[in-house]
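> In case you want the letters, here they are:
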Amino acid sequence: MTCENCRAANLHPVAEERARKISDAAPRPCGCELFRMSHHSPGPVLDTEDLCLLVSDPQMIMDGWIHPSKLMNFDTCGQSVLREGASDQEFLITMGELVTRSKEKGRDRWCLGILRFSAEAVRYCASDRFLCVYDTGMEGKPYHADLMCAPLVPDNATSGQLKRARMELAREVLIAIGRDLVGPLEFRAGILASYARSS
Amino acid sequence: MSVVTNPTVLVADSIPATTKLGTFRSNDLNITNMSIPFQLMNWATSGQNTQVVSSSILRALGRPSTPQWYTADAWLSETLSALRSFRGTQSGWDGENSHAPIPETLDAAEMLSAFFSEAPADRRPSVNVGPDGFPSFARNVADFYLHLVVEPRRHPSNCIANLTWYAIRNGEKVFEEGVPFDGTSLPKELSSLLNSDDL
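Which chain is which? The protein sequence lines are A and B, in order.
Each residue of the first sequence is one higher than the one before, counting from 1 in the working numbering.
Each residue of the second sequence is one higher than the one before, counting from 1 in the working numbering.
Treat the hints loosely; a few may be bogus.
[Unchecked claim] A short, non-exhaustive set of chain B residues, derived as facing chain A with CB atoms under 7 Å: (1) 82; (2) 97; (3) 130; (4) 131; (5) 133; (6) 140; (7) 144; (8) 166; (9) 170; (10) 171; (11) 175; (12) 177; (13) 195; (14) 196.
Hints listed in this document are in silico derivations from the structure and should not be mistaken for laboratory results.
Heads up, the beta-carbon is just placed ideally off N, CA and C, and yes, glycines get one too.
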């Protein structure tokens with residue numbers, strides 16, 4: 001059953017293989033979007049929902065655009081975002097985890113802001129499918145979602161072909177996401193202010 | 001000037017140990033821990049005569065002593081500082097699944113930065129490290145997009161890294177994969193991309 005296949009793929013233990021597993025679990029592109037992927041999730045992500053990318057490293061941003069090096073994971077482990085329905089507490093937990101885990105590995109991190117964009121903007125490019133947006137909620141973070149895509153090139157493609165496909169996709173996503181960065185002092189009346197650099 | 005295979009011997013090879021450059025002697029460089037651009041930046045900011053610094057760097061690079069590309073260049077200073085901030089970080093430095101940065105590619109990225117600093121201001125890219133641990137430069141402005149990844153050199157050779165980039169200039173897409181970078185000059189295709197208005 002596709003629904004169960006999708007949920008099983010979402011729990012695949014090898015992070016870098018998750019996008020392929022989820023893609024393979026459904027018979028059509030982004031097919032798992034139709035199902036509730038996790039029992040922690042409130043349900044599939046609607047096209048009309050806003051998604052929030054937490055920007056927590058100054059090198060992630062260039063002239064307001066997201067740095068494309070941050071957009072190279074869609075066909076492997078995916079890119080984490082929070083849905084607009086996430087509670088303030090969920091934002092705080094997520095930012096806190098990013099900061100703590102990063103610091104443990106030797107890099108300071110703080111909140112530069114939240115980049116907001118609609119699910120529809122990254123799901124469709126003209127009439128074609130673009131990225132898949134899956135409701136990958138987890139314990140304590142039910143409004144977690146992942147941006148992923150189907151394999152970009154055939155299995156017998158060269159490494160150069162794969163790199164080109166990833167780089168082209170990164171550029172398209174960069175434009176689709178846009179530059180609506182809301183600073184930590186402005187986002188939801190400053191709930192993330194404690195993670196701003198000046199604090 | 002002999003072919004340089006290791007950026008840490010660039011200046012030491014090029015300036016005799018007994019050569020006086022103001023108060024500087026090439027023996028002053030600590031060539032064991034930090035790459036040459038960073039040593040030079042530290043030296044330059046320690047009260048040395050900036051004209052002497054820039055001319056000695058240019059001489060070391062085997063290029064004519066033209067404008068002070070290094071002195072008071074905020075972009076270069078910020079880029080080198082950003083690259084340094086990634087040194088010593090471990091896998092998971094982004095709070096997620098990123099691989100640890102590879103020191104050799106950070107060294108090469110520093111060398112590359114020196115050449116990028118000579119590009120027109122609106123084409124100088126921002127640096128980040130990607131999930132694969134490779135430094136990555138990018139810029140997205142009107143009529144110009146660049147996403148360049150600094151990869152470890154593939155085979156023992158005179159190059160210090162291989163460069164892969166995807167660019168869009170005046171609507172035309174360009175992709176180059178695995179172009180050798182020897183640390184002494186920009187690959188011709190990249191130089192053309194950055195400095196000329198015509199493809």
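> Each hint needs a verdict: does it hold in this structure or not?
Cross-check of the supplied hints:
The interface hint given for residue 82 of chain B is met, as the beta carbon of that residue sits about 6 Å from the closest beta carbon of chain A, less than 7 Å. Proximity of residue 97 of chain B to chain A holds as hinted, the smallest CB-CB distance being about 5 Å (cut-off 7 Å). The closest approach between the C-beta of residue 130 of chain B and any C-beta of chain A is roughly 4 Å, which is under the 7 Å cut-off, so the hint is satisfied. The interface hint given for residue 131 of chain B is met, as the beta carbon of that residue sits about 5 Å from the closest beta carbon of chain A, less than 7 Å.
Checking residue 133 of chain B against chain A: minimum C-beta separation of about 11 Å lies over 7 Å; hint violated. With 7 Å as the threshold, the beta carbon of residue 140 of chain B comes within range of chain A, its nearest partner Cβ sitting at about 5 Å, so the hint holds. Taking 7 Å as the C-beta contact cut-off toward chain A, the hint placing residue 144 of chain B at the interface is violated, the least distance being around 11 Å. The closest approach between the C-beta of residue 166 of chain B and any C-beta of chain A is roughly 4 Å, which is under the 7 Å cut-off, so the hint is satisfied.
With its C-beta approaching chain A no nearer than about 15 Å, residue 170 of chain B sits outside the 7 Å limit, and its interface hint is violated. A least Cβ separation of about 13 Å between residue 171 of chain B and chain A goes past the 7 Å threshold, and the interface hint is therefore violated. Hint on residue 175 of chain B holds. Least Cβ distance to chain A is approximately 5 Å, under the 7 Å limit. Look at residue 177 of chain B: its Cβ gets to within about 4 Å of chain A, closer than 7 Å, so that hint holds up.
Given hint, residue 195 of chain B at the interface with chain A, is violated; its Cβ is 20 Å from that chain's nearest Cβ, farther than 7 Å. Interface hint at residue 196 of chain B: violated, since its Cβ lies 21 Å from the closest Cβ of chain A, which is beyond the 7 Å cut-off.
Comparing the model with each numbered hint stated earlier shows that hints 5, 7, 9, 10, 13 and 14 do not hold.
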